[in-house]
Structures are given as C-alpha cells and as structure tokens.
Amino acid sequence: MGTKRKLPAMLGVLVLLLTIALVSCGGNSTKTETPTTSEAPSASQAPSASAAVATTKSDGPVKGGEIAIPIVADPIFNPWHPNAFAESNVINRVLFSGLTKPGKDLAPAPDLAASWETSEDGLDWTFHLRDDVKWHDGEAFTSADVAYTFNEIALNRELGANNVSYFKNVKSVEATDDYTVVFHLTSPVAALPAYLSFNTEILPEHIFKGQDPWNLVSFNKEMPIGTGAYKMEKYISGQSVRLVANPDYYDGAPNLDAVEYRVLPDVNTHVAQALSGELSVFTLDDQAALARLEKSDEIKIIPQYTPRFFWVALNQENPLFTDLRVRQAMLMAINRQYIIDTVLNGYGEVADAGISPALAYYFNPNVKHYDYDVEGAKALLAEAGWTDTDKDGIVDKDGKPFSFLFEVGIQGNLVRIGQIIQQELRQIGLDVKFETLEWNAMIQKDVIRRDYDMMLNWWRYPADPDLKPYLHSSTAGTGYNIPGYKDPELDALLDAGSTTADPAKRQAVYYKLQEYMAENLPYLFLWYPMETEVANVHLKGLPEHLGFGDSLHYIDEWWLEQ
Amino acid sequence: MNNSRFILSRLWQSIILVFIVTVITFFLINMAPGGPASIMRMDTTQEARDALTVRLGLDKPVPVRYALWLGSAITGDLGESLATGQPVIQRIGERLPYTIELAILTLIVSVLLGGVLGILSAIRRGTWFDHGVNLFTVLGLSVPVFWLGIMLILLFSVELGWLPSSGTGKANATFFQHIRYVIMPVFVLSTTTLPTLVRFTRSSMLEVLSQSFVRTARASGLKESVVVYWHALRNALIPVISIIGVLIPRLLSGAVITEAVFGWPGMGRLVLEAAQGRDYPLVMGVTVVTTGIVVVSNFLVDIAYSWVDPRIRNR
Numbered sequence: 133m134g135t136k137r138k139l140p141a142m143l144g145v146l147v148l149l150l151t152i153a154l155v156s157c158g159g160n161s162t163k164t165e166t167p168t169t170s171e172a173p174s175a176s177q178a179p180s181a182s183a184a185v186a187t188t189k190s191d192g193p194v195k196g197g198e199i200a201i202p203i204v205a206d207p208i209f210n211p212w213h214p215n216a217f218a219e220s221n222v223i224n225r226v227l228f229s230g231l232t233k234p235g236k237d238l239a240p241a242p243d244l245a246a247s248w249e250t251s252e253d254g255l256d257w258t259f260h261l262r263d264d265v266k267w268h269d270g271e272a273f274t275s276a277d278v279a280y281t282f283n284e285i286a287l288n289r290e291l292g293a294n295n296v297s298y299f300k301n302v303k304s305v306e307a308t309d310d311y312t313v314v315f316h317l318t319s320p321v322a323a324l325p326a327y328l329s330f331n332t333e334i335l336p337e338h339i340f341k342g343q344d345p346w347n348l349v350s351f352n353k354e355m356p357i358g359t360g361a362y363k364m365e366k367y368i369s370g371q372s373v374r375l376v377a378n379p380d381y382y383d384g385a386p387n388l389d390a391v392e393y394r395v396l397p398d399v400n401t402h403v404a405q406a407l408s409g410e411l412s413v414f415t416l417d418d419q420a421a422l423a424r425l426e427k428s429d430e431i432k433i434i435p436q437y438t439p440r441f442f443w444v445a446l447n448q449e450n451p452l453f454t455d456l457r458v459r460q461a462m463l464m465a466i467n468r469q470y471i472i473d474t475v476l477n478g479y480g481e482v483a484d485a486g487i488s489p490a491l492a493y494y495f496n497p498n499v500k501h502y503d504y505d506v507e508g509a510k511a512l513l514a515e516a517g518w519t520d521t522d523k524d525g526i527v528d529k530d531g532k533p534f535s536f537l538f539e540v541g542i543q544g545n546l547v548r549i550g551q552i553i554q555q556e557l558r559q560i561g562l563d564v565k566f567e568t569l570e571w572n573a574m575i576q577k578d579v580i581r582r583d584y585d586m587m588l589n590w591w592r593y594p595a596d597p598d599l600k601p602y603l604h605s606s607t608a609g610t611g612y613n614i615p616g617y618k619d620p621e622l623d624a625l626l627d628a629g630s631t632t633a634d635p636a637k638r639q640a641v642y643y644k645l646q647e648y649m650a651e652n653l654p655y656l657f658l659w660y661p662m663e664t665e666v667a668n669v670h671l672k673g674l675p676e677h678l679g680f681g682d683s684l685h686y687i688d689e690w691w692l693e694q
Numbered sequence: 003m004n005n006s007r008f009i010l011s012r013l014w015q016s017i018i019l020v021f022i023v024t025v026i027t028f029f030l031i032n033m034a035p036g037g038p039a040s041i042m043r044m045d046t047t048q049e050a051r052d053a054l055t056v057r058l059g060l061d062k063p064v065p066v067r068y069a070l071w072l073g074s075a076i077t078g079d080l081g082e083s084l085a086t087g088q089p090v091i092q093r094i095g096e097r098l099p100y101t102i103e104l105a106i107l108t109l110i111v112s113v114l115l116g117g118v119l120g121i122l123s124a125i126r127r128g129t130w131f132d133h134g135v136n137l138f139t140v141l142g143l144s145v146p147v148f149w150l151g152i153m154l155i156l157l158f159s160v161e162l163g164w165l166p167s168s169g170t171g172k173a174n175a176t177f178f179q180h181i182r183y184v185i186m187p188v189f190v191l192s193t194t195t196l197p198t199l200v201r202f203t204r205s206s207m208l209e210v211l212s213q214s215f216v217r218t219a220r221a222s223g224l225k226e227s228v229v230v231y232w233h234a235l236r237n238a239l240i241p242v243i244s245i246i247g248v249l250i251p252r253l254l255s256g257a258v259i260t261e262a263v264f265g266w267p268g269m270g271r272l273v274l275e276a277a278q279g280r281d282y283p284l285v286m287g288v289t290v291v292t293t294g295i296v297v298v299s300n301f302l303v304d305i306a307y308s309w310v311d312p313r314i315r316n317r
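Top line first, the protein sequences correspond to chains A and B. Numbered by the numbering used here, the letters in the first sequence go through residues 133 to 694 in order. Numbered by the numbering used here, the letters in the second sequence go through residues 3 to 317 in order.
The set of hints was computed from the structure by calculation and includes no laboratory data. Owing to the predicted nature of the structure, the values given are computational and were not obtained by experimental measurement. Worth double-checking, as some hints may not be accurate.
Listed next, the in silico DMTMM-like pairs over lysine to aspartate or glutamate satisfying Cα-Cα at most 25 Å (straight line) [what the hints assert, rightly or not]:
hint	chain 1	residue 1	chain 2	residue 2
1	A	Lys303	B	Glu275
2	A	Lys577	B	Asp61
3	A	Lys577	B	Glu226
4	A	Lys565	A	Asp522
5	A	Lys510	A	Asp585
6	B	Lys62	A	Asp627
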C-alpha cells in the first residue's frame, strides 16, 4: 500500500520535470538548432528552401526564390478603401504604384511620375508620367487612371476614402495629355509629392469606371490589377495572399519569384516562425519578444526611425491643463528614458517635439529639453498654485484636488506604458485614475467626442515635416488636433511650413516650429520610437535607411542569397 | 406520431430561440460603444466619418435597422459585410469548413480518448493510473492554450522541424500532407475538451458501477468484462452524450486562441474580427449560423439520447 501511494506523487514530479524540460529546451537551444532546421526543412514549409538558385555564392543579386511576410488580418486590395489598414498597406504598395515613392533618403522619389514641377504661385503641380507602364492585365497606364483615382475616388466626399485628409486642398486633377497630370490646389501644399508616396496608389480606371469602388469585391477582395512589381496569384481568406513576380514591371523584372503574405494574428507565432525560417521579414511591434530573436544567427534585427511620435494629450477644454507650468511639471515627472529602456527595450529616443529624427534634414536637435526631475516638477506645480494643503498626498488648489481620468486604448504596449505614467504622475501628487478602453470604444469616446481628460497614443505621418493636421487650430475639435491646443503663433508657423516649397526656407520654419513645440507643449511629446525590422540573414537588397514599410517600395530589388 | 410531434415542437422551439438570440445580439452589438472599423480609425476625418455613416446605413435608428435586417434575413439574405462588401454568407462559407473540420476532429479525439481514459480510471479507481489521468486532466484544464500552442510550435516546428507551425497547407495537398497541419491545433484544442469528457465519463461510470443492476449482473455470474462493457458502459454513456451537446458550441466559437496561434482560418477569428470591427451584418450572420448549428446538434443529441435511453422517448 505504501509504495502504491508514492507512485502518483512520483508521477507528478516526473510530469513536472518533463514540462520544465520542454519549456527550457524551447528556450535555450534555439541558437544552435535553428540553422539545422532551416537547412533541412520539411516538405511543405519554409519557402526559402525552394530557393534553389545559384549554387555558388555570388556578390550581386540573384534571381529566384520566394519569401514570406506575416500580416495580422485579412487585407483589402484597394489603398483608398476605408477598411484598408496596416495589413493591407504592406500588400498594396507591392501590388500598386503611386506617383511617387519614399526615396532611399526618405525624400519623395519618382515612381509612376518621372518628374514634377510646381507653378510660381504653388497652386498647380504638374506631374510627368512614365509612358512605359502596363497594368497587370496588359492595359496601358495613362493619365486617365490618375485623374480617375483622384477625382472619382479620393476627392469624392461621399465615399469617405482613406487618406483624404492629405488632399484637403486639392480641387481637382486634370489630365492634360496622355502622360501629364496637373493637380489644381486651393492653397499651396509643399508636401504634395510626399503625400503622393504614402498609401495613395493609383487604381485602374478601366476596371473601376462605373463601379462602386468600395463594393467592387472582384477587385478589392479577389483579383486586384495593379502596376507594381508583383501581381496577385491567389488569396485564401484567413490564410495567405500569394503574389508572383510581374515580368513586365517597368523598373525591370523583380528578383524574387514570389512573395507570400501569411495571415497570422499572433505575434508570438511570428517570432516562432522567424526562428524556424518560415517568415522572412516583418516589423516586430512588441519589443519584449526581441530577446529571443537577438540570439539567433539566422536573423538580423534592423532598428530604424520612422516618422512617428508617441504623445500624451491633455484636453485643453479642461482648465486643469491650460497652465503651461502644469504641462511642464507633468512632462518632467515622466521618466521617458526609463520607459524607453524597459518597455521599448531601448529602441527609441526621447522626443522634445514632433518631427522625428527620421526626417534628418528637418529634425532640430537643439530645442528645450525637460529632464526627469520630480522635485522640479513639484516646484512648478506649486508655482502654478497646486500644493498639498490637506496632507492627503494629492495637490489641491482652492480646496479642489488635482484629480482626473487617464484613458488608454488597448493596443500593443500602450497599457503598460500608461500604467507607468500613472504611477509617475502620482509621485508629484496628481490623483490620476487610470482606465483602459477597447480600441474601437476609445476612438468614439476620446477621439470623436473628445470626452477625455488625458490620453496616450501616437501619430504616424508621411515622410514630411508638415504637422499642420495635428496641431493647427483649424483641426481642433473634430480633426487630428486632439488636445485642442490653439495659438495664432503656432498656426502661423504651421501655415508657413506647409506652403513653403524651398527646402532651406522650410528647414528654418520647421526648426522654429520645433522650438515652439518643445517650449509650449501642445502635446506632451514622449519619444520617437524605432521600428524594429526582423529579417532573415539570407534576404538581401533591403534599402539601408528605410524601415520595413518603406522598403517594400523596393521589393523588386530584394534577393535571396545561395 | 409521437415522434413527429416531438420533432415539430422542437422545431418550433428552435425558431423562437434563434429569433430571441438575434434580437439580443443585434441590440447588444449595435448599442456597444464604437462603430465599424472604417469609421473608428484615428486617421479618419469627421467629414469621411459622416459620409461613411450614411453609406453604411447607420444613420437610421437601431430598431429600424433590425427590422430591415430581419426582413431580408427571413428571405435568406444575410446582407453584406461592412468591412469588405462581400456577402456575409460568402465570408462565413470561407471559414466554416475549417471550423467544422477542427471541431469534428477534436470531438473524435476527445470522445475516443476521453471515453477510454474515463472508463479505465473508473475501473481502476484509486490506482496510479487513475491518479495519473487525474493529474493530466488538471494540467489540461489549467495550462493556457496560447502558451501550450507556442511551446508546441517551438518544440515541433522550430527545434525538431517535424510539423508545420501554421496554416492548413496547400490547396492541392494530399490527405497526409494536410493532416500534419491539423495535429497541433487538434491536440491543443483537445486539452480544453478532453478533461471534461474524462471526468464526466469517469464519474458517470462510477455511479453506474455502484448501482444495483450491476451488482445483480455480477451476482448472476456474468464475466466482469461483460458486466463493465455491456451493462455498465451503455448506461454510463447516456450522460456523456449530453456533454457532447455542450461541447459543440464551445468548439464552434471557443477556438479563437487556438486559431490565432496556429493561423487556422476558422470562424472564431472571423467573429472576433467582426465584433472588434463592429461589422454588424457579419456578427449577425455568424450568430445565426452558429445558433443554427448548435440547435441542430442539440437536436441530434436529443435523438441519440432517446435512442440509447428509451425512457426519455416515452416521457
């Protein structure tokens, strides 16, 4: 009987040991094991395996092979569709082409448009189109496609197209001959070529004419016809999108035979599949998972600044936050470097304003900087009249405690960051109530109704320093100026920047704008995050200074080694 | 006669049930804060939001929208997905076969394995085998699905390279190529259903084994195996059948995490995306289809029940 009783206990210990063994072998031996698995992949997986091309190592690009890229949801093959999100963008910029694309230095570079010029008054932009471009179905691409895409889709107010906010000042687009289009503006927009490179690809008129562009399922969800380096082969909902090389691509046939996008909603699966060599390249948003990948010899991690900044918005309708000293104190209480080091694993830089170092020419490094300084923050609050008179740990003024609600939408690492910020603001005696909201509900409450005190989020913008939409008084209330901060001096700077075409003059304006932002804190600027691109070491030809999203415009140059 | 009246009344009840479910779902999802994903994005302008609200017909009051939806649903038209413009039926049709495949395989594995383990541990109650099974059911219930899924991928796909880590394989794959994609999802999903079945079979078997007819059977000199597998088992299986009825809805909708980890294109992910993106017609469509399947499978379970246990038919 005695031995019988011990058995279950022993079995339990055995199972536990087994579990631990399973877990730890999953964790440690990755580095040594990964190369083996990718050398001898099993039949149906690891597309890189079928890359049986040149047997000798060569220095230059070789043709052949295929790669796989993860996306988190089903895409829509129409860049202007209101439901085209990030997962669609990474496909659409490969299937389609815009008039311009981000250059390897991020400045707008020719794509469908070979060159462009603006009139004296800046109200007319003329784009000269390439005359050697064919749609994937063989039809010729002409100025009519450009005019149709803009006049009938983008500028059609009833459709509510994606990205229309960039083209608010575009009156119409005129095709003056087969390969020339003129954009007629109501006021000058210096950033127009940059906007035309950002998810604003051209659609084929011969397919869309007379159709409802949002309900043309045969195109948007089945067989898109683009002008890009790759064309649609097969899309299986919830599984994959397979594109094959377009041999007639106007910049020459691409190197890789095929690109497969796999619908994988779970980031941990991305990491596992990168380790097994099944996924070739993607952006990893959850930097906590990077540690696993850093250990692998088969994977390189490429950090890159992108035009993006994280911010805290303090509702300017709320009198608590209209005093600059209060905003300064709050910013000084947030240890931004600590958050970057812990939550972002170091991939980011403290932001003093909103123009990212990715836009090196316009980035002003010498602006007012607020160091992490709890005592200084408390002193500033006291100067603004906020002191803890009743010794309850919360500062108060005229008998009212400084208390407000801090809301964060559930996405990525926002909640973790929000919790840290809440704790830090409590240190200086602010009574911060923290609440998380489902993303969709957050947009309705905080962004549309502006029913919030404090929120945390980020902006991502085209590769141009024009931040007018996010800061101008005309966009307060319903536009992108979420804090609702208004100042004629700020408006003047934004207007000057957005209408000045001369780069040197523009640089001077935006240097000043950054000084203004850093001093007056219309937003609490947090950091410029670095995008961490994860790529298989055998994938070559990725442009050096572009993030993953932008480098997709150069997918025709990518190639696989071996 | 008796049978057809039973079936008719069940049918009537089912229709009422589906109706009530659609009313509740429609009002819940439409009253929930937020709106369709196309309207609720950070970078949509107010002008575009207003235009889209009108285009999607969301400017009408909710009861009117429900009446419109019901009117066309009765004619078999479940409308179009707000996100893609595709017919709801098509979007569900793309995913449903995969969900059913996963559900049926999981059910087969759980019932076979769960039945055998449950019976054996009931017969060998108190032995190391019983305790071992018990331990595994506790582990199965307590290990989070996403963790187990990732660990399996790391072991079998990354380390050993034996199994593909995601997807369903190529469209023209042979049965044996395809089955390799199914192994891990079915295993993971089974860990959520197996413990229930094992425990249920075990306790049901124990209860039957302690009843007087089993004692009588034993006393009448029948072989122990005949007593257990013929007399006791048949009776013990009756409640187990009812548990299968409970598991089916769970498998239809509860596989979201498994589907996400293994990139399995099932309905769980579809309905999650639909709810998050407030794709009202799609949410309704999935609700109707799922409720329908649950109603039908429960009906079949009831039939099976009355077939194994004649007492129920005559009640």
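Status of each hint after checking the structure:
1. A distance of roughly 37 Å separates the Cα atoms of Lys303 of chain A and Glu275 of chain B; the hinted pair therefore is violated under the 25 Å criterion.
2. Proximity of Lys577 of chain A to Asp61 of chain B is assessed by CA-CA distance (about 18 Å); at most 25 Å being required, the pair is judged to hold.
3. The straight-line distance between the Cα atoms of Lys577 of chain A and Glu226 of chain B is roughly 68 Å, outside the 25 Å bound, and the hint therefore fails.
4. Under the criterion of a C-alpha separation no larger than 25 Å, the hint pairing Lys565 of chain A with Asp522 of chain A is consistent with the structure, at around 20 Å.
5. As the CA atoms of Lys510 of chain A and Asp585 of chain A are separated by approximately 20 Å, the hinted pair is consistent with the 25 Å bound.
6. The straight-line distance between the Cα atoms of Lys62 of chain B and Asp627 of chain A is roughly 39 Å, outside the 25 Å bound, and the hint therefore fails.
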